[in-house]
Every structure is written in C-alpha cells, then in structure tokens.
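Novice: Here's the letter readout for the chains.
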Amino acid sequence: MRSDAAVADKAARERNAPEYIVEMSGINKAFPGVQALDNVSFQLRAGEVLALLGENGAGKSTLMKVLSGIYPRDSGEIIVFGAKQGEYNAKKAKELGVAIIHQELNMCSHLTVAENIFLGRELTKRGVLTQTEMNNKAREILGRLNVDIDPETVVGDLAVSKQQMVEIAKALSIDARILIMDEPTSALTAKEIEDLFRIIRELRADGRGVIYISHRLEEIGRIADRVTIMRDGKYITDMNNEDTTLPEIISYMVGREIKEKYPKISCQRGGKIFEVRNLNAGLMVRNINLELYKGEIVGVAGLMGAGRTEMTRAVFGVDPKESGQIFLNGKQLIIRGPFDAIKNGVVLVPEDRKKDGLCVRLSVRENISLPSLDIISNRFGYVNLRSERAMVEKYIRELRIRLPHAEVETVSLSGGNQQKVVVSKWLARNSQVVIFDEPTRGIDVAAKVEIYNLMNDLKRNGIGVMFVSSEMPEIMGVSDRIIVMCDGRITGEFMAGEATQNEIMKRATMFDDKLAVAESV
Amino acid sequence: MNTDKTRRGKNYFKRLLAVRGMGQVISVTIGLIALCVVFQILSSNFFSPDNMGNLLRQIAPYLIIGIAQSYVLITGNIDLSIGSIMGMSSMMAATMMTKGVHPVWAILTTFICCVAAGVINGQLVATCKLPPFIATLGTMTIARGIAQIVNNNHNTDTISIGIGKATTEAFKNFFYYGKILTFGGKMDAGGNLIGGFSIYSPVIIAIALWLLFNFLLSKTRTGRHIYAVGSNADAARLSGVNISATITAAYVVSAACACVAGLIVCATTGMGAMDTGNSYELYAVAASVIGGVSTLGGQGILLGTVIGAAIWSVLQNGLQFAGAPVAIRNIVIGIIVVLSVLLDVLIRRGSQRRLTDTPFLNSLLNRGQEKTESRV
Numbered sequence: 001m002r003s004d005a006a007v008a009d010k011a012a013r014e015r016n017a018p019e020y021i022v023e024m025s026g027i028n029k030a031f032p033g034v035q036a037l038d039n040v041s042f043q044l045r046a047g048e049v050l051a052l053l054g055e056n057g058a059g060k061s062t063l064m065k066v067l068s069g070i071y072p073r074d075s076g077e078i079i080v081f082g083a084k085q086g087e088y089n090a091k092k093a094k095e096l097g098v099a100i101i102h103q104e105l106n107m108c109s110h111l112t113v114a115e116n117i118f119l120g121r122e123l124t125k126r127g128v129l130t131q132t133e134m135n136n137k138a139r140e141i142l143g144r145l146n147v148d149i150d151p152e153t154v155v156g157d158l159a160v161s162k163q164q165m166v167e168i169a170k171a172l173s174i175d176a177r178i179l180i181m182d183e184p185t186s187a188l189t190a191k192e193i194e195d196l197f198r199i200i201r202e203l204r205a206d207g208r209g210v211i212y213i214s215h216r217l218e219e220i221g222r223i224a225d226r227v228t229i230m231r232d233g234k235y236i237t238d239m240n241n242e243d244t245t246l247p248e249i250i251s252y253m254v255g256r257e258i259k260e261k262y263p264k265i266s267c268q269r270g271g272k273i274f275e276v277r278n279l280n281a282g283l284m285v286r287n288i289n290l291e292l293y294k295g296e297i298v299g300v301a302g303l304m305g306a307g308r309t310e311m312t313r314a315v316f317g318v319d320p321k322e323s324g325q326i327f328l329n330g331k332q333l334i335i336r337g338p339f340d341a342i343k344n345g346v347v348l349v350p351e352d353r354k355k356d357g358l359c360v361r362l363s364v365r366e367n368i369s370l371p372s373l374d375i376i377s378n379r380f381g382y383v384n385l386r387s388e389r390a391m392v393e394k395y396i397r398e399l400r401i402r403l404p405h406a407e408v409e410t411v412s413l414s415g416g417n418q419q420k421v422v423v424s425k426w427l428a429r430n431s432q433v434v435i436f437d438e439p440t441r442g443i444d445v446a447a448k449v450e451i452y453n454l455m456n457d458l459k460r461n462g463i464g465v466m467f468v469s470s471e472m473p474e475i476m477g478v479s480d481r482i483i484v485m486c487d488g489r490i491t492g493e494f495m496a497g498e499a500t501q502n503e504i505m506k507r508a509t510m511f512d513d514k515l516a517v518a519e520s521v
Numbered sequence: 001m002n003t004d005k006t007r008r009g010k011n012y013f014k015r016l017l018a019v020r021g022m023g024q025v026i027s028v029t030i031g032l033i034a035l036c037v038v039f040q041i042l043s044s045n046f047f048s049p050d051n052m053g054n055l056l057r058q059i060a061p062y063l064i065i066g067i068a069q070s071y072v073l074i075t076g077n078i079d080l081s082i083g084s085i086m087g088m089s090s091m092m093a094a095t096m097m098t099k100g101v102h103p104v105w106a107i108l109t110t111f112i113c114c115v116a117a118g119v120i121n122g123q124l125v126a127t128c129k130l131p132p133f134i135a136t137l138g139t140m141t142i143a144r145g146i147a148q149i150v151n152n153n154h155n156t157d158t159i160s161i162g163i164g165k166a167t168t169e170a171f172k173n174f175f176y177y178g179k180i181l182t183f184g185g186k187m188d189a190g191g192n193l194i195g196g197f198s199i200y201s202p203v204i205i206a207i208a209l210w211l212l213f214n215f216l217l218s219k220t221r222t223g224r225h226i227y228a229v230g231s232n233a234d235a236a237r238l239s240g241v242n243i244s245a246t247i248t249a250a251y252v253v254s255a256a257c258a259c260v261a262g263l264i265v266c267a268t269t270g271m272g273a274m275d276t277g278n279s280y281e282l283y284a285v286a287a288s289v290i291g292g293v294s295t296l297g298g299q300g301i302l303l304g305t306v307i308g309a310a311i312w313s314v315l316q317n318g319l320q321f322a323g324a325p326v327a328i329r330n331i332v333i334g335i336i337v338v339l340s341v342l343l344d345v346l347i348r349r350g351s352q353r354r355l356t357d358t359p360f361l362n363s364l365l366n367r368g369q370e371k372t373e374s375r376v
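So the sequence lines, in the order shown, correspond to chains A and B. Anchor point for the first sequence: position 14 equals 14 in the working numbering, and the numbering is continuous, going up by one each time. Anchor point for the second sequence: position 25 equals 25 in the working numbering, and the numbering is continuous, going up by one each time.
Worth flagging that the hints you see were computed from the coordinates, not collected in a lab. On a predicted model such as this, the values are computed, not experimentally measured, just so you know. Incorrect hints may have been included.
Claimed, not checked - BS3-like mimics (lysine-lysine), calculated; alpha carbons at most 27 Å apart, straight line:
| id | chain 1 | residue 1 | chain 2 | residue 2 |
| --- | --- | --- | --- | --- |
| 1 | A | Lys354 | B | Lys129 |
| 2 | A | Lys354 | B | Lys219 |
| 3 | A | Lys355 | B | Lys219 |
| 4 | B | Lys219 | A | Lys343 |
Full structure from sequences and hints, please.
Specialist: Here it is in structure tokens:
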C-alpha cells in the first residue's frame, strides 16, 4: 500500500513537472539613473537552446546577472525548477545549477585544466590534494564533451576556444542544469564555432537548458530553438525560431521610433580634412579606409566587438599599427603615439572615461589642463596657475559643468559632468579632428543633448568630427554620414537621409567575409 | 559682522583643505603634536633647546630620503635602491677623498654615478616594464656591491688622510656639523658653546632640497605629469604624457636625494662605511606613507613627508630619551607604521563610498557647505 502511494506520488509529481526550468516574471532592476530591467519576464525550458537577443544596452546581460545571482533584483519572482526563490544570490544560483560562461573568460591562466575545473572544491584525501583523481575526473568530463584537451595542460597555453571548452567542462563538473553563454563565439574561428555548436547540441540532448546571447544573428538560426527579444530593459516577445525570420527579429530588436530629439544643424560640406588609408592593426582593424570632411559629423555604427574602439585607438596611436597612412589636410602624419596625434591636432575622447579618460583622483582643474600644460607653462615647465585657472573656468562655464569648484576630485562628479570634463580636455588645444568614442554612454538625457550641441559647434567651426556610438537612434539623429563596422571591417556607408535602422543592423551583423568584400566594393 | 568673520575663517579653512592631501597632513600633524606632548611628559628634557636642535638634525636625512621615495611612490612605483645608493654615494666619495681627490670633484663624480643609477632604475621600470619592486631590488643589490667594491671590501680610513685636516673640516661642516643659528647654551672654559638650540647644516640642506623638489612637484609640468601617471597611467598616456620620461625623472630625483643623504652620513663620521643606508629605503617608505603619500600612486604631498619624517625621528629620539630599549623602540615604530598605512587604506575604502578625502575633516567641511547653501 505504502509503496503504491509512493509510486502514485512520484507519477503525479512527474505529471506536474514544470514545463519551464526557469521562470522569471515582473523583474525590475534599477541602477542610479537607469531602469535597467523594467517588468521583464523570461522562461527557459529543459532541453532547449534559447537565444536572448537585443541591441546593446537592452538589458540582456543584466537579466542574466540577476538569474545567476550576481545582481539582486529590486522586485519580481524567480522560479527555478518549480521552486519559488526568495533571497537569491550567486551561491544559491550555483547550488541550483545555474552556471554563467562569461564573455571574458574567468580562469587562472597559470593553473592546469584540472586545477581550474576543481578550483575551490579540490578533491583531497586527509588534507592532501589527490592530483591523479582530479586529473582522471577532468579527463572523464572532457571526454564526455568529446574534446581533445589534456587536463594537465596549463590553461594559458590553450587557444581561447579550448579555454571556453574548459569553462563548459567546469560548469558540467558541478552538474549545471542551466548554462548561460554570453557572446561565446566572439573570439572563435568558424571551425571552433562548429565544435561549440556540437557541444551545445549535446548539452541540449542531455536535457539541460542553454541560454545563448550573441550579436551574430546568423548563428541564431542555426543553433536556437527559441528566441526571446528584449529592448530598452523590457521584454518584447518570444517566438519559436522556426516560425520567424531574420528581418522580423531585427525589426523587433530596433522596433522603436526615434522619439528623442536630436539637435541637428546643417552646414555646407567643405573640403576633405582627414583621411585614413588601408589601416590595419590586429584582428579588429582590417583595411580601414575613411575620410572626414569639414562641416559634417561622421557616425560609426556597429555592435559591440565590431572593432570601432580598436579603430579609433589605432588612429590615435594608442595601439600600434601594422600598416596604413593617415592624412590631415592632405599632409601625411607620422603618429607613433598619442603625443604625436595631439601635437598635430588629432584628438580622441576615449570610450571608457574612468579607465582612459580621467585621472579620477585628481582635481577637475588638473584633468582639464593635463593635455594642454605645454600651452600654459613657460619653457622651464613652470605652470602658470593663473592662465590654467582661466582656461579651466572658461570650459567649466562654456560646457556648463556642474561642480562646487574646480578643485574637487573628478570622481565626485556625475557621469555626465565627468564626460564634459573629458571633452573639455581637448577643446583648449584648437584640435582639427575630434574623435568621440561612445561620448554619451551612461549619462542622462539632458547631458547627452549638451554633448550633441557641442559636436554641432565643432562641426560648425570646420572641425572634423567622428563619432562612435552603439545607440542606433543617436547615430541616426546626429550624424550626417554613417559608417558601419563589423568584425574589424567597414561593411557599409550611408548618407544620413538614406539609412534605415534595419539596413544598418543588417550591415552590422554581416560576418561573412566574402559578402562584406562584395558589398563594400 | 561676527558671522562674516567666521565665514571668512571657514573659507580659509576650506581653501586649505581643498589643497589635495591636506586633510591627511593635518591629521598626522595633530598626531605629531600629541607624540611630542607624550614624550615631554615621559621625560621633561624632550623639549630642551639642545634636544630640539639635535632632533631637527636627525630629521634631515629622513626627510631627504622621504622626498626621494615620495616622488617614486606618487608615480605609483617604489624605489628599493635608495639605501644602497646612499651607501654607494658615501663609499665612493670617501674613497676618492682618502686618495686625495678634492671634495668638490669627489662629490660631483659621485653625484653623476648616482644619477646614472636613477636613470637605469627609471628605464628598467618605465621602458622595459619590469615590476618596480623587482627592478629596484636588483639595482639595490648591485649598488650595495659597488659600495663594497670601491674600497676593496673595506670601510675607508678617515678622509683627512687624503685631503688634509682643513678641507675635511670644511666638508664635515658643510654637510653635518656647521651651525647657522644658535641661541641658549653656555660657554665652557675653552670658549666653546655647550648645549643650546642650533640649526645645523643638514637642516638647511634638507630645507633647500624640499623647497626645490616641492616646487618641481607642485608647480611644474613634470610634477603634474608625475601625479597624472600615478593616478591613471592609461589616461595620462592618452593625454599625451610621456610615461617613460616622467617615471625616469622621478627615479632620478630619488637617486639624487639618496646621494645627498649618503654624503651627509659620510660627513658625520668623516669616513665611508659599506653598510651606510642599510634599510633606509624602507624608512623612506615609512616617512612617506605616514605623511599621507599613497603606495598606490597619485596621492600625497611633500608637506606630508616632512611630518612623516618628523614623526619617525621623534619616535626614535623620544623613545630613546624615555629610556626604552632598542627592541621596544623597533616594536613601537613598527606598530605606528602599520597603523598609519591601515588608516590610509581605511580612508581610501571610506572615500570610495563617500568620495571624500578624510572622512572626519570633510564631514566638517560638508556641514559648512550645507549651511551656506541653506542660507542662500
């Protein structure tokens, strides 16, 4: 009797087994100034590959960080394997079998494969590591994945693709049932991608759920069972992969009308001021040719990892070039480092203002004057504090940087004001070409408009302006001409009036080499 | 009327605090005063005129090597070779003088060698990108070896055998024994002054070096570049700063100061000793860090290094006066160093949250600001 009841009980449980292994609903998450997730719902089934899609900043990564317990949610419900989760953190997520394989691999490159796989839960016998046992277990897991990696190799000696396999092996070794892969193919070759896909299919056949985040839309069609699309921190839709098409996915991703206002002035397009010819620098800058004319703003569009930042850094001389020439007003420039570029009047407002743009612990005054100290000091290097103050005050006033006084540490300013400090560093030099890399990232709408106005002022004054942005509406609203990059190459060019979001997105996801060459000719 | 006056007072205080790192300097100055008071209570002779004169003379070499280390620390690096360069300087100059080389030429040659050592340090760290700890550990050992080899692995004889008594006196007076200002004290039977307060020549040398290098650090392009490199080398490079030249400049300043400190030691004894300056690189770190120079770079002012060097010497001198054995002195000083670095770390951690320099003083400052704002 008793055993019968148990059997019936088990059957009932199986009948009621949840269709979804992950159910998230009404998830909200705010960061200062941004609602990163707005009432998002999300489901994952056992034994499926779900592609999570959206433009840069749509909230995909934030949602996955909530699922893996890295960020606490502000509100909303998380159900994993049918169990409603209250307090939810990284440790809890791990216990439930959620594993995230990051875009940047997180491994100790000096340790061996086996040591990495068992990191933090090493097998021991009476307190002594049992190296052989760990190696054997690692070999067994790697064998199950059907990859040829010796568990005793040092991880740093492996190719990136192999390291990724080790990450997956590590996830399997803790019996992860839910695997999140964030841009797993961005560093892989075509053959390595095939290997990865084979493993993903095996994981799926094994009944595990895989969440796959990628900007490479053509991959989605080949690997995903279902797609979920997000935009501006909101859940938009989800569909079965076979019921949809690429254009439909793209239209859901860009979806919105350009509703924000972009101040735009029209200028007579003048002569050519700046030209880059056949620039090559590493994998992410391949054969770049571009020109800037007076009186126009050139927008550089593309998805993350398209090589736009690398291109600006190579032009500015931060990273070494393999080949290529740079011309300013028809004269060739020799740029060996940022110093040469600055001296010639070509400047870069870098993407990551905390890392590359500012000395955050120094005062606003010292930051603004740093590249221009040669102008305000005599030939013995004595800095004229009065001219320095005058210069700094001028830009604080002109750019309306809000601060108590110029001596405060730059770190204490808001993002928008910090960005204005970075921009004003370069205005004092009478630069001829200004390259902005993501100048409006993480700043509020009002500050964005001020940055646009500033770019317009430069344009009006005949200064060459190039402007890298990941925000499509911004690119379309501000630029006079748009260049699209993908995989380190220029894959498209549009005049402002001709471009549509769908067309740009198509070019930005154009990973096929032959196609890119054919189209750009 | 009255509020006007207090507001002006507050503004002055605010402006003083707005100078970067001043908060920390004020905190440690309060600590220094407290230490002095404690030592005066423990031994009533602490504040006597002749001890004060002596104390200032003891501070001088620590201040000089403190300046040296502060320069390098502000660029975000470290110089472990300071002590050995002191030894090298002392031994080279003394050996030459015992061989009859005039002090001026001996000093000049020594100085050039020390500066060359600084250039090598700078190039190893900035151009070859070696970790500064390892690079200067190497040059530290090499410089010590040079100090030993110049006189065939022996301390030198007294320098007067080479350059004569009168020149030796001049050399010793210039670097150590000369007095500038004297008051108090008594004449003994032979007409020599006993006791009393004097300002000795090392103090003058230290002040001169401090004025020079403080000017260089706070008023010139190079100084600004030193802060920028220490604060964020990537951003400095993208702003057109020559990182390699800046770091090398800091190491050269460091080696030059260490050279002068070595000459002072040489003049003190009138001979060269091979172990001159042993561990001084670490005393220099202590003086800098107590004074608010961060080991992480980009922060600190040389005024703080003065206070740091003073605290270091006051502890040595005061504990000695209070009759503490050497072992106890070392333990107490070690604890003080750890505590002051801990304070630095805690303040930094706190400032990441509150974005202020020193929580205590800034809370005063902010309260002042809120008040003025609400008044408006």
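Novice: Under the constraints set out in the numbered hints, which ones does this structure not fulfil?
Specialist: none
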